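A.B. asks: This is what each chain is made of:
Number of protein chains: 2
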Amino acid sequence: MRGGQTRVQDEPAIILLSGGLDSVTALAWAQAEGYAIRAALSFHYGQRHERELQAATAIAAHYGVPQQVVELAPIRGSRLTGDGAIPQGRDLAGLTETIAPTYVPNRNMILLAYAAAHALLGDATQLIGGWNAADGANYPDCRDEFLRATETALRLATLRHFTIVRPLIRDGKAAIVRRALALGAPIPLTWTCYVGEAPACGSCDACQLRLDAFRQVGVRDPLPYAVDLEWVGCRPYAETG
Amino acid sequence: MRGGQTRVQDEPAIILLSGGLDSVTALAWAQAEGYAIRAALSFHYGQRHERELQAATAIAAHYGVPQQVVELAPIRGSRLTGDGAIPQGRDLAGLTETIAPTYVPNRNMILLAYAAAHALLGDATQLIGGWNAADGANYPDCRDEFLRATETALRLATLRHFTIVRPLIRDGKAAIVRRALALGAPIPLTWTCYVGEAPACGSCDACQLRLDAFRQVGVRDPLPYAVDLEWVGCRPYAETG
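Chains A and B supply the protein sequences, listed in that same order.
Just so we're aligned, residue 1 is where the first sequence starts under our numbering, counting upward by one.
Just so we're aligned, residue 242 is where the second sequence starts under our numbering, counting upward by one.
Just so you know, the hints here were simulated from the structure itself, not pulled from any lab data.
These numbers were taken from a predicted model, which means no experiment stands behind them.
Any given hint could turn out to be false.
[Unchecked claim] Here chain B is said to cover these stretches of chain A; the calculated rule only asks that three of the stretch's residues, wherever they fall, bring their Cβ under 8 Å from a Cβ of chain B:
#: 1; stretch: 30-42
#: 2; stretch: 139-146
#: 3; stretch: 169-180
#: 4; stretch: 226-237
[Said to hold, decoys possible] From the structure, some residues in chain A lie toward chain B, with a derived Cβ separation under 8 Å:
#: 5; residue: 54
#: 6; residue: 88
#: 7; residue: 99
#: 8; residue: 100
#: 9; residue: 120
#: 10; residue: 121
Built from N, CA and C at the ideal position, the CB exists for glycine as well.
Isolated chain A (complex conformation) (with noise of 0.2 Å):
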């Protein structure tokens, strides 16, 4: 409260928390803006990236947000949870997908119903994500129209007066990369490979969006790649605090 005023950042909060720079670019704005957030919400989902989910944890702590990894059955019919090897090495530039075989089906409406499920055990009204542009080009439940129509469902599901905030849904990569380091967001804390095995393996859609994010800024990724890297012109990370 201020000076008799609600303001939105006092609801109650919960964030989707993934362990990638996306969800913890979206969790170091929700602290910076004061939101009230009660917890930091993880998914198991038959992903093999499951290495994420520690980091999820790992960044939860650092924030001192209360965490819950929830198990959910499978989501079957995606390279990321084992049908099909992992994309490498792919000519990002050149694709016009119009869903990326990563795609998970379904994928953000389960979470996002989950987390309102959740979310009725307590008194928190607002579901924090970092959905973001970049990814809303071919994953389609990355979309604010999806958000939209989602958060309608929600309050007519529940009746709860659900929001679904998004801070980071007109972004690409690098505008993530750039408000990361402005909130001092924990980046080395971060897990961001679809193969899963550390260290990341920079070949993937996943690391090549997340490399070439990092170099258009300017700036060093900080996690460990296992192959040799160019950063000509770019700062190490530490000289970015």
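Please build the complex by placing chain B on the supplied structure of chain A, with the hints as guidance.
C.D. replies: Then chain B, alone, in the frame of chain A:
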């Protein structure tokens, strides 16, 4: 196909089959209408009355529809999933609840989200279920407006033109019993009781609504009950066929 025209029934479908009277009636209707039913999905979400899943299996076998039981993360926060006792002997006519204590938080959005994910493994575009006006009274996630919003969200999330088929959406429980009888649905195979121990208790909300519906229709419910029941003026079920 008929005369080159695509009928809606020719679009492959999945049915959400709980094993209760509503979903079996929806399945009987879909079979009579000639829907191409690819699978019946039943969900284990920590419900006390998991016995309904055996009923669902028997019903799917009756119709020769392949069934799959999906093991979901338990949905907490409901009398149905272990938080508090199942209400017994309530005067349902006198209730003014907005949401019943047996509401399972956001259950139908979770089930529909998983059903759509499952459908994406194959070619199904229609999700059929037994949502109805009686349940809609105090289970908001059974209402038409929720189903419409979820249909929109599903289409946006998946880029598949899903339709949520809800043949009972205007029906009360007596209307459903009438339709089940008319369609020859295997009513003796169904399970309704929230307590989940055979024979059915006869006094939980679900048993009461079911028994009341049969009495309104003037037919004896063929299920055995743990208590003596009044069937004045009702025909035996066996005489309805």
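A.B. asks: So which of those numbered hints doesn't the model satisfy?
C.D. replies: Result: hints 1, 3, 4, 5, 6 and 8 break, sorted rising.
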